[in-house]
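Undergrad: Whole structure, please, built from the sequences with the hints as guidance.
First to last, the sequence lines map onto chains A and B. Under the UniProt record's numbering, the first sequence has 153 at position 153, and the numbering climbs by one with no breaks. Under the UniProt record's numbering, the second sequence has 51 at position 51, and the numbering climbs by one with no breaks.
In short, the hints are calculated from the structure, not lab data. We put the CB at the ideal spot given by N, CA and C, even for glycine. A portion of the hints provided could be inaccurate.
[Claimed, not checked] The list that follows gives simulated cross-link-like pairs (lysine to aspartate or glutamate, EDC-like), each with its CA atoms no further than 20 Å apart:
hint	chain 1	residue 1	chain 2	residue 2
1	B	K20	A	E147
2	A	K61	A	E49
3	A	K101	A	E113
4	A	K119	A	E107
5	A	K40	B	E171
6	A	K50	A	E60
7	A	K28	B	E55
8	A	K135	A	E124
9	A	K28	B	E66
10	A	K88	A	E98
11	A	K112	A	E124
12	A	K112	A	E93
13	A	K74	A	E64
14	A	K88	A	E100
15	B	K42	A	D35
16	A	K28	B	E59
17	A	K59	A	E49
18	A	K135	A	E147
19	A	K40	B	E217
[Unchecked claim] Covered, in the sense of this in silico footprint (three residues per stretch, anywhere, with C-beta under 8 Å from a C-beta of chain B), are these stretches of chain A:
hint	segment
20	18 to 31
21	64 to 74
[What the hints assert, rightly or not] Simulated restraints, written as ranges between beta carbons of each label pair:
hint	chain 1	residue 1	chain 2	residue 2	range
22	B	L45	A	R56	27 to 33 Å
23	A	E47	B	L99	51 to 57 Å
24	B	S141	A	S43	32 to 38 Å
25	B	L130	A	I41	18 to 24 Å
26	B	K42	A	I41	17 to 23 Å
27	A	E54	B	A60	36 to 42 Å
28	B	Y137	A	E47	49 to 55 Å
29	B	Y137	A	R52	50 to 56 Å
30	A	S43	B	V53	25 to 31 Å
31	B	A60	A	R52	32 to 38 Å
32	B	V187	A	I41	44 to 50 Å
33	A	S43	B	F195	41 to 47 Å
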Amino acid sequence: MLQVDRSLIFQIINFIVLVFLLVRFLFKPVLRALDRRSQKIRSELEEIEKTREELRKLKEKYEEEERSIQQRYKEALERANQEALQMKATIIEEAYQEAEKIKREYETRAQKEIERLHKELREEIAEIAIAIAGKILQEHITPQIQERLIDELLDAALNRIESRLSIAHEK
Amino acid sequence: MEELLNPHVIFWIWVLPVTKTVIATWLVMAFLVVGSILLTRKMTLVPGRLQNVVELFVEAILNLIEGMSPGYGRQFLPLVGTLALFIGTSNLANLVPGLQAPTGNFNTTLALALIVFFAVPYYGIRNQGLRNYLKTYISPSPILAPFHIIGEITRTLSLALRLFGNILGEEIIIAILFMLAPLFLPVPMMLFSIFTGIIQAYIFTILTVVYLSASVEKAGH
Numbered sequence: 001m002l003q004v005d006r007s008l009i010f011q012i013i014n015f016i017v018l019v020f021l022l023v024r025f026l027f028k029p030v031l032r033a034l035d036r037r038s039q040k041i042r043s044e045l046e047e048i049e050k051t052r053e054e055l056r057k058l059k060e061k062y063e064e065e066e067r068s069i070q071q072r073y074k075e076a077l078e079r080a081n082q083e084a085l086q087m088k089a090t091i092i093e094e095a096y097q098e099a100e101k102i103k104r105e106y107e108t109r110a111q112k113e114i115e116r117l118h119k120e121l122r123e124e125i126a127e128i129a130i131a132i133a134g135k136i137l138q139e140h141i142t143p144q145i146q147e148r149l150i151d152e153l154l155d156a157a158l159n160r161i162e163s164r165l166s167i168a169h170e171k
Numbered sequence: 001m002e003e004l005l006n007p008h009v010i011f012w013i014w015v016l017p018v019t020k021t022v023i024a025t026w027l028v029m030a031f032l033v034v035g036s037i038l039l040t041r042k043m044t045l046v047p048g049r050l051q052n053v054v055e056l057f058v059e060a061i062l063n064l065i066e067g068m069s070p071g072y073g074r075q076f077l078p079l080v081g082t083l084a085l086f087i088g089t090s091n092l093a094n095l096v097p098g099l100q101a102p103t104g105n106f107n108t109t110l111a112l113a114l115i116v117f118f119a120v121p122y123y124g125i126r127n128q129g130l131r132n133y134l135k136t137y138i139s140p141s142p143i144l145a146p147f148h149i150i151g152e153i154t155r156t157l158s159l160a161l162r163l164f165g166n167i168l169g170e171e172i173i174i175a176i177l178f179m180l181a182p183l184f185l186p187v188p189m190m191l192f193s194i195f196t197g198i199i200q201a202y203i204f205t206i207l208t209v210v211y212l213s214a215s216v217e218k219a220g221h
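TA: Next up, the structure:
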């Protein structure tokens, strides 16, 4: 019949020994290989993830840079426009002022010219009038008239002297 | 028949009898250890075909354990994996002429069942402490403590007897068939014994995992 004998102890020892042997020769090496593989896969995945992250950052940086360049370009353009407008305004203003100055200059010069011409004209007319008057006098003057004229001139001169004297006296 | 049940003692080592079963056990052990050494000698990062088989087996055991008690795969692997390999190989030892399956002897299966019997409190205490482990005996009520203990003893016996009975039964059937018609009749039975041998190994293994996972679960869960 069914017998439990001392070989039971043997079998227990056998099994325990087998556990240790299999741990040593089977489970540990296999687990190590599995771990190593999963470790490698994990590290490679991490590497990929890291590279992807770096790429993403680089892309962001470039985009940022592009945006800032665009921005700077726009600002520069605007500034240039502004400056051009201002310059235009100053140039026009200056031109107006210059024109005004030139105009005034010419006006004063023209005025002076006119005055000079007037003066010359008057002198010429006076000369001509004197000449004409001299000629007329030469032709028409009589000794009586001459005498009367001298008298009148002397009278006038006397009158003026008297009036000057009286004014000086009054003072 | 009597020879199958209680094999001769071939020689003694001190007070321990070396029976045919013990020798068969040694052969199975040697086969497993030498096979392991050969298969794991050159573990490469990219596995070859043989390495794949070994890794597949280990991962299958790990998954079996993780499925029932997540996180304990590596802790239980030595015991559970050795049980599966040893019982499976032993059951198939029947097919080698002149060899008797070590698992066809009650001493072997009782030894395995006793190891599970003691492994359950060992892992239970190791993982949740003595207090918490003892609490599982009085949960949900202290009245159930004797039944818990009886359950542990009977399930150990049933583990041992189930495996022993199945394998011995097959051996006996094959032996009888040999006597009746030695030429062809035993062959289908031997083929069938491959199937039942693997099934029995699987049953023993998965029951062990169930008992172990119950032992590491917190009381009241």
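Undergrad: Mind checking the alpha carbons of K74/A and E64/A for me, to see if they're no more than 20 Å apart?
TA: The hint holds at about 15 Å.
Undergrad: Mind checking, does the segment 64 to 74 of chain A have 3 or more residues with a CB under 8 Å from chain B?
TA: Our answer is that it is violated, as 0 residues pass the Cβ test (under 8 Å) against chain B, missing three.
Undergrad: Mind checking, does the segment 18 to 31 of chain A have 3 or more residues with a CB under 8 Å from chain B?
TA: It holds, with 11 qualifying residues against the three required.
Undergrad: How does the Cβ-Cβ distance of L130/B and I41/A compare with 18 to 24 Å: does it lie in that range?
TA: Check failed, 40 Å falls outside 18 to 24 Å.
Undergrad: Hinted pair, alpha-carbon criterion (20 Å max): K28/A, E66/B. Please report holds or violated.
TA: 18 Å, holds
Undergrad: Assess, step by step, whether the Cα of K112/A is no farther than 20 Å from the Cα of E124/A, and give holds or violated.
TA: 18 Å, holds
Undergrad: Decide if the proposed pair is consistent with the structure: K20/B and E147/A, CA atoms, cutoff 20 Å inclusive.
TA: Cα-Cα ~196 Å, so violated.
Undergrad: Please verify whether K112/A and E93/A have alpha carbons no more than 20 Å apart.
TA: 28 Å, violated
Undergrad: Taking only the CA atoms, is the gap from K101/A to E113/A under or equal to 20 Å?
TA: Satisfied, since the Cα-Cα distance of roughly 18 Å is no more than 20 Å.
Undergrad: For S43/A and V53/B, compare the CB-CB distance with the range 25 to 31 Å and indicate the outcome.
TA: Holds: the Cβ-Cβ distance is about 26 Å, inside 25 to 31 Å.
Undergrad: What's the verdict on K28/A and E59/B, does the C-alpha distance respect the 20 Å limit or exceed it?
TA: 13 Å, holds
Undergrad: Just to be sure I understand the hint, the distance between the Cβ atoms of L45/B and R56/A should be within 27 to 33 Å; is that true here?
TA: 30 Å, holds
In summary, the numbered hints that this structure violates are 1, 5, 12, 19, 21, 24 and 25.
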